Structure formats: structure tokens, C-alpha cells
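Chemist: This is what each chain is made of:
Protein chains: 2
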Amino acid sequence: MQTYIFPQRSAWPSILQRPSIDHESLETTVDTILRDVKLNGDNAIKKYAALFDGVAVENTLVDETEFAEAKSSVNEELKNAINLAKENITLFHERQQTQPEMIETMPGVFCWRKNVAIEKVGLYIPGGSAPLFSTLLMLGIPARIAGSREIIVCTPSDKNGKINPVILYVADLLGLKKVYKIGGVQAIGAMAYGTETVPQVSKIFGPGNQYVTCAKQLINKQGVAIDMPAGPSEVAVYADETAHPAFVAADLLSQAEHGADSQVLLVAKTEAFIEVVKQAIYSQLQNLERKNIAEKALQNSSFIVMKDTNEAFGLLNEYAPEHLIIASDDAEALAGLVVNAGSVFIGHYSPESVGDYASGTNHTLPTNSFAKAYSGVSLDSFVKKITFQQLTKEGLVNIGTAVEQMATAEGLQAHKEAVSIRLNEILKK
Amino acid sequence: MQTYIFPQRSAWPSILQRPSIDHESLETTVDTILRDVKLNGDNAIKKYAALFDGVAVENTLVDETEFAEAKSSVNEELKNAINLAKENITLFHERQQTQPEMIETMPGVFCWRKNVAIEKVGLYIPGGSAPLFSTLLMLGIPARIAGSREIIVCTPSDKNGKINPVILYVADLLGLKKVYKIGGVQAIGAMAYGTETVPQVSKIFGPGNQYVTCAKQLINKQGVAIDMPAGPSEVAVYADETAHPAFVAADLLSQAEHGADSQVLLVAKTEAFIEVVKQAIYSQLQNLERKNIAEKALQNSSFIVMKDTNEAFGLLNEYAPEHLIIASDDAEALAGLVVNAGSVFIGHYSPESVGDYASGTNHTLPTNSFAKAYSGVSLDSFVKKITFQQLTKEGLVNIGTAVEQMATAEGLQAHKEAVSIRLNEILKK
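As given, the protein sequences belong to chains A and B, one line each in that order. Heads up: the first sequence begins at -5 in our numbering, then just goes up one per residue. Heads up: the second sequence begins at -5 in our numbering, then just goes up one per residue.
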């Protein structure tokens, strides 16, 4: 935990540096597994499940009995909570649908775009310490709204060949019937190349450890689309004198508990405020089950005092946080200063947790400063926007000469001729 | 040129196979150049310009005199044509702007998305046999509409250190003043890492040869966004008995002249029609300046007879062409069958050329079957969609319990506490 007081702009890059991630050293291992899955399909998958996870799964596809068992084992309170989240996420993502709008760019020249679902998508849900059923909601709901024809889910089983029941419950709730007990690099390979049992997909979504991330990068380079590049989760909080230090501390801890590599950043107006937040952090930390993880994450974290508000947001935009919480009575106006962020939480009663689970926005967001160029997952992530155009004869006459001129100037005569041959036919008549 | 009559579905994958592209063999070379540019900046750029292009450029940044010279050397007819194209492209891309829409997903929970321009973007315009000023229109116009603060253009100079005047004219017309005489891998490296003279950008757009493509892949893996993966340009034409064989031949040739690695595909209802088109191709080919290139491209090309219309579009969707021309009186209805394509040209008077230059749609499109998961460049490509949320106290009370339940079920206690600490404060009062 490092505190910086009024840092000079020249010092920002070093202050804002993320813990570096070295995927290259993993590449050889990951590449070997991917090639094996491509070549040997299901056999390779079984081999690595045994080797890495000590699991022997005969049928990787989850069956109806397992779905039914899962459904009966989830308590009603959690089902209600999941249902509320589902409603909000559905509403927010349904409103992202757009209808084609035909534009007559000049008389007789009609152009439009139409959103068409990506036909086959794969969703990866990690296993491990936290069963991320919320991620399945965040990916499965927009996939269903978009209308993807084939939605594959891969998630690793435990040592007994079981998948977390809440994950299965959510899959069933969303009508996702193709859930495979496959994890890690081999899951990414299975979806990228297809195997005897797992269908090949065109785009792969979902978080994962550094091996999964590396695998997604490699298959992306081979032409399979991915949601976005991934890095450890992170939050930045801007807090002024109107902020509640205990709330700020709770928000920072809720990020820090994600993993030892998570990063939290607090930008405040005074050193005194930062000290109060630090005390609140230590006090709240004592009661956390994931105390050790949070403590490690806090070691990577920075507390920065900034005098000028515009400069503070300049620094935050330079950092481009995955999550940005604006803890201020003036938060609504300050939100207008945000240029680079994945998702922004405005005011004292909008903790990141609500967006992580249930408010409706997506929690799959760009980390590692990728928010400078990438958006979080949305309905857009599951569709292609295909352009269409239709010209009348009049339209081609209106635009034809310009196209002939430009094609000629680019030295592409056949491009010109494709217009000329039509103009000759039209004007001859 | 290969003709297939009523191919079985099992034969489709081999018929639709693209010429394979092997970027991996280039990777070592490209990686070396990128590392050198990252380490040595402008000096490395000069070194490679001399080595690969035999050019010694002292000042890579184009100056006002060069813009003025270019402007005076472009003839008025071409200027008018470019202006018409600019108007149409501007209109089509301006209409892609969206305003934030606030959605109250449940009482007191407000969520919305806001489009914010990517601040720094780089546009690569190849040199070589065809000066692609049209690509500068297609990338520069949406970048300007989005409002990117810094727009960098890199394009190689000729042996005399000059850039094609039409490219400079278009840059000037669009108000793009940062044009650098840098080409190839070193241009991608310069924009990805920044040098003493070239600013670093967050996203790189534009076509290029296989070295440039490989460089874009590598910097993408390092976290710099790119427009899309690239492959050779391609067109598929669907033509029924109402199509004009001479028009179809002209459209196929306009694609074939792009490069020896371009691919064209014709799907027709009868073998007789295909024969007539082939004759028209041979006849039109004789007069083309780029005859040799087009002939080579035609060697990679397939002519397929399909009986059933739905099956024909099944095959076309499986191919997922960059450009799809539907040459039929019934084209409008048939366009509804398109699931995978970059851009679709409907009817007898909508040649691909109009979309390549001037109708308004973007010509930077997904090739190599990437249209299954990727869209062409649009205004979306130059913005991030940032999500925002703001909860009232009432909103947090309404959603809080659900979030607490879900966080607890995922084993993320600090996520729960960030809500609980606020609920305690609200409900105490």
C-alpha cells in the first residue's frame, strides 16, 4: 500500500503501472495443449483433465438428471435473488437492441445496417474458489437475447465430476442445455476447434486464469473471436470530503478479495481522508473470510492525494480502470469527466457489488487499461452488424461518375468497369 | 477456376477453403522489428525504411508545404468525386451515433451506456501499387465523427520521399494533420509504442500486406486494440436466371484485380449460366490493365451450381464472404437469408465498387470467414461504450438483499459487506 501526495504528471506512469503479466512464458505449454486438442479432440481433453485436475469424466455433457438435482439443491432465497438479477440484466440488455434504419445517402442510394446474432458462441465459466454463476448470467443473457443458435458452456467439474449446482441452475434457467464439464486451456481449445462432442464456435467469452487467458489470445490470433483481452480485476475510487470513509473502505475491500493480483486505487483530496479510509480498511479486514487474499491485493495498491478535481480525473482517465466509483455528493457532474473506464458507479449508494451481480449492467469489463479502447460485454458482443445497400438505376447514375473517377485514380480499372458496364446499359435505353 | 455441380454438404468445407495464410513463419522477423522500434524509436524506423524501402526520410511528419502541393495537384473532377463520397460516408456514419438512454431497471436503480471516443487512434494506409485514399476516407471520417482527440496516419513514401498526393489531399480535407511517412511493420510498431516523433495510440486500423497483418496481430496480443484480423479481399456473387452475366463477370473481375491472393466465388442455379459468365470474364479480362493479377486470383476461385435457394444461402453463410452480391430480381427478399457476410449488395445495380468508394457504407470489412463473428468498421469501432449506474437509497434497499444473497453464494463476503454497510446506515435512520 503506497500513498502519493500531489504527484507530478511525469510520475503518473510509474504510479499507475499495473503488476506486469507475463503470458509469453506460458505460451509454449498452452500452445502444446491447444495443438493436442485440435488433433486428438476428446481424448486430449480427457488426458489433460486427468493430468491437471485429477478428474476422470466419462461424459462431459451435463445430463438432465444433473440439471434436476442442481435445481432442487439451490435454496429459494438464492433462486429469487438470481431471478431478480436476471430480470434487470435482461431489461438492460434488451434495450440495446436496434432496428435497421434505412438511410438514403443520395437519391436512389439506400444503405442500412442490420444486427445478426453470431450463430455459435462459447461461454467459459471458471471453477476454483468462487463459483462464478453471476458470470454465466452476464454472458448467457445477452447471448439469448441476441439469438445465438448454439450456445456452449464449458466449466470444470470438481474432483468428483460435479459442477457447482448454482452454475447448473443458472444454465437451466437460461435454457442453456449444452454444458460441458471441461476446464482450462483444453476447454478453450475444444470450443475453438470443435471435438467429437463439443461443437466449434466462432467467438469465446469468459474469464479465466492466466493459462485460459493465454489460450484465448492464441486462438484469437488464429481467427476465433474473443470477448476482450483479460487481466486481473481492479477498481478505482474517487472520494472527496463528502464521501463516507467506511463505504469507501468496503468498496476497496470488495475488489481486493477477488485475488491476490487484484488492484485497488483510491484518489482523494486530502491525506487525512486517506488515513481514515486506511483505518476503516484494517478494521473491516479482520472479519473477512478472504482476509489473506485481500491483504495481498492491498499490497499492490495505491492511495493518491490530488488537489485539483480535473487533474484527479485526468489521472483516473490515464489509469482507465475497469470499475470507477465516484463517491461524492457531486458525483453526477463528475461522471461527465470520465473518458476511460469500463463501468462507472455514481454516488454513495452505488457500490460496485450491485453492478457485479444485479443492477442490469454487464460485469465483463476491460481491465489493465484496455478501457482506453475496449468496451465491456454487451448485446453488441453477440451480434455482427452487417451493412446492406441497394441502388436504383437512378441511384447508380447519380453516384456512378464519382465511383469511376475514384477507381481510376486508385488504378483499379475493373472497379470502374463494374460501374461503367451498368451505366452503359442504363443510358443506352 | 473450379466448377462444382450440386456439391454435397459434406464437400462444402473443402470447396469453401480459403488459400491458407501462414503468418507464423513471419513472426520472428516481425517480432524483431517491433522490439527494435519499441527500444530505439525513430532510429529504428529510419533504419528499416532504408533497409526495406531504400528511402531516407529526414522528417517523417508531413508539413504544410507538402499538403499545399498535394492539394493543387489533384484535379477538380477527382476532388468533386471525393467530396461526394465524403458526404455519403459522413451521413451514413453520423447516423450511427446514439444518445445515452437511462433505464430504470427497478425502482431507484438507474443504468445507462454512453459512447465515448477512443482518444488516440492510428490509421495505416498502405503504399504500393494502388494508393488507397478511399481507405483513408473510410477510417478518417468515422474517427472524426467519433471525436478522437488524436488521429495519427502512417503511410509509406515512395523512393523520393513523397506520399501520393491524393492521400495527402484526403488527409487535409478531413483535417488530419499528423501524417507520417512510415510504412510496414515499423509503422505499426511506432503507433503501438510511440516514438520521439510518433504519438502512441490505443487502437490501430487499416489494411496491409502479410507483414503488417502479422505486426497488428502481435501488438494486439500485447494489448493494443486493432480493427479486425485481416486476410485477402473476397467477393461471393449469388446469381439466378434474372442476373446479367456481363454484370456478374464485371463484379467478379473487380474483386479479382485486387491481388493474386483475392478470391471470388459464384453461386448460380445452372451450369449454363456459369458458362456464359466465364465467357464474359475472358472477354472483359482482355482489356484490363491488371489482367495478370486478376487471372491469378481467378485460379483460386470457385463456381458452384446449387439447385435449392435456401441451400445456396446455407453455403454462402458457411463461406461468410467479405462482400456478397445478390444478383436477382428477388434480391431484396433473398437478403433476408444472409446470416454471415461483411457487406451485402442487393440487386443488379448495386456493384461492390459503389460500396468500396462512395455509397456511404464502410469498406473495411471482415475477410477469411471472420464475418461469422466480426463486423466491419463503423462508428462503433472508434468509441467505447461505458456503462454508468446510479442508485438512490431506495434503489439500494430494493436490490440490496439480492446482491447480498448472490455474493454470499459465490463466497465473496466483502462484496456482500459493501452493500450491508450501506443498508445498515440507511435502515438505521
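Hints are computed from structural coordinates only; laboratory data are not their basis. Remember, it's a predicted structure, so these values are computed and weren't measured experimentally. We put the CB at the ideal spot given by N, CA and C, even for glycine. Where hints are given, some of them may not hold.
Said to hold, decoys possible - Dumping the calculated DSS-like pairs for lysine-lysine here, alpha-carbon to alpha-carbon at most 27 Å:
| id | chain 1 | residue 1 | chain 2 | residue 2 |
| --- | --- | --- | --- | --- |
| 1 | B | LYS156 | A | LYS387 |
| 2 | B | LYS172 | B | LYS153 |
| 3 | B | LYS41 | B | LYS156 |
| 4 | B | LYS215 | A | LYS379 |
| 5 | A | LYS80 | B | LYS73 |
Claimed, not checked - Covered stretches of chain A (chain B as the covering partner; in silico rule of three or more C-beta atoms under 8 Å from a C-beta of chain B):
| id | stretch |
| --- | --- |
| 6 | 208 to 217 |
| 7 | 241 to 248 |
To be verified - Taking beta-carbon pairs under 7 Å as the criterion, some of the chain B residues facing chain A (in silico):
| id | residue |
| --- | --- |
| 8 | LEU72 |
| 9 | LYS73 |
| 10 | THR99 |
| 11 | SER196 |
| 12 | LYS197 |
| 13 | GLN211 |
| 14 | VAL333 |
| 15 | SER337 |
| 16 | VAL397 |
| 17 | HIS409 |
| 18 | GLU411 |
| 19 | VAL413 |
Chemist: Would you check whether VAL397 of chain B satisfies its interface hint, that is, whether its CB is within less than 7 Å of any CB in chain A?
Modeler: 5 Å, holds
Chemist: Given the hinted pair LYS215 of chain B and LYS379 of chain A, is their Cα-Cα distance within 27 Å?
Modeler: 24 Å, holds
Chemist: Under 7 Å is the threshold here; is the Cβ of VAL333 of chain B close enough to any Cβ of chain A for the hint to stand?
Modeler: Because about 6 Å separates VAL333 of chain B from the closest Cβ in chain A, which is inside the 7 Å limit, the hint holds.
Chemist: Can you tell me if the stretch 241 to 248 of chain A counts as covered by chain B, using C-beta to C-beta distances under 8 Å and a minimum of three residues?
Modeler: Check passed, 5 qualifying residues.
Chemist: Using 7 Å as the Cβ threshold, decide whether LYS73 of chain B counts as touching chain A.
Modeler: 9 Å, violated
Chemist: Sort out whether LYS156 of chain B lies within 27 Å of LYS41 of chain B, counting only the CA atoms.
Modeler: 18 Å, holds
Chemist: Against chain A, is HIS409 of chain B within 7 Å by beta-carbon distance?
Modeler: 4 Å, holds
Chemist: Would the stated hint for GLN211 of chain B survive a check requiring a Cβ distance to chain A of less than 7 Å?
Modeler: 5 Å, holds
Chemist: Please count how many residues of the stretch 208 to 217 of chain A have a CB within 8 Å of a CB from chain B and say whether that reaches 3.
Modeler: holds (count 4)
Chemist: Going by Cβ atoms only, is GLU411 of chain B closer than 7 Å to chain A?
Modeler: 5 Å, holds
Chemist: Given the hint that LYS172 of chain B pairs with LYS153 of chain B, does the C-alpha gap stay at or below 27 Å?
Modeler: Since the Cα atoms of LYS172 of chain B and LYS153 of chain B sit roughly 21 Å apart, the hinted pair holds (cutoff 27 Å).
Chemist: Measuring from the C-beta of SER196 of chain B to each C-beta in chain A, is the shortest one below 7 Å?
Modeler: Holds. Min distance 4 Å.
In this structure, the earlier hints numbered 1, 5 and 9 are contradicted, and the remaining ones agree with it.
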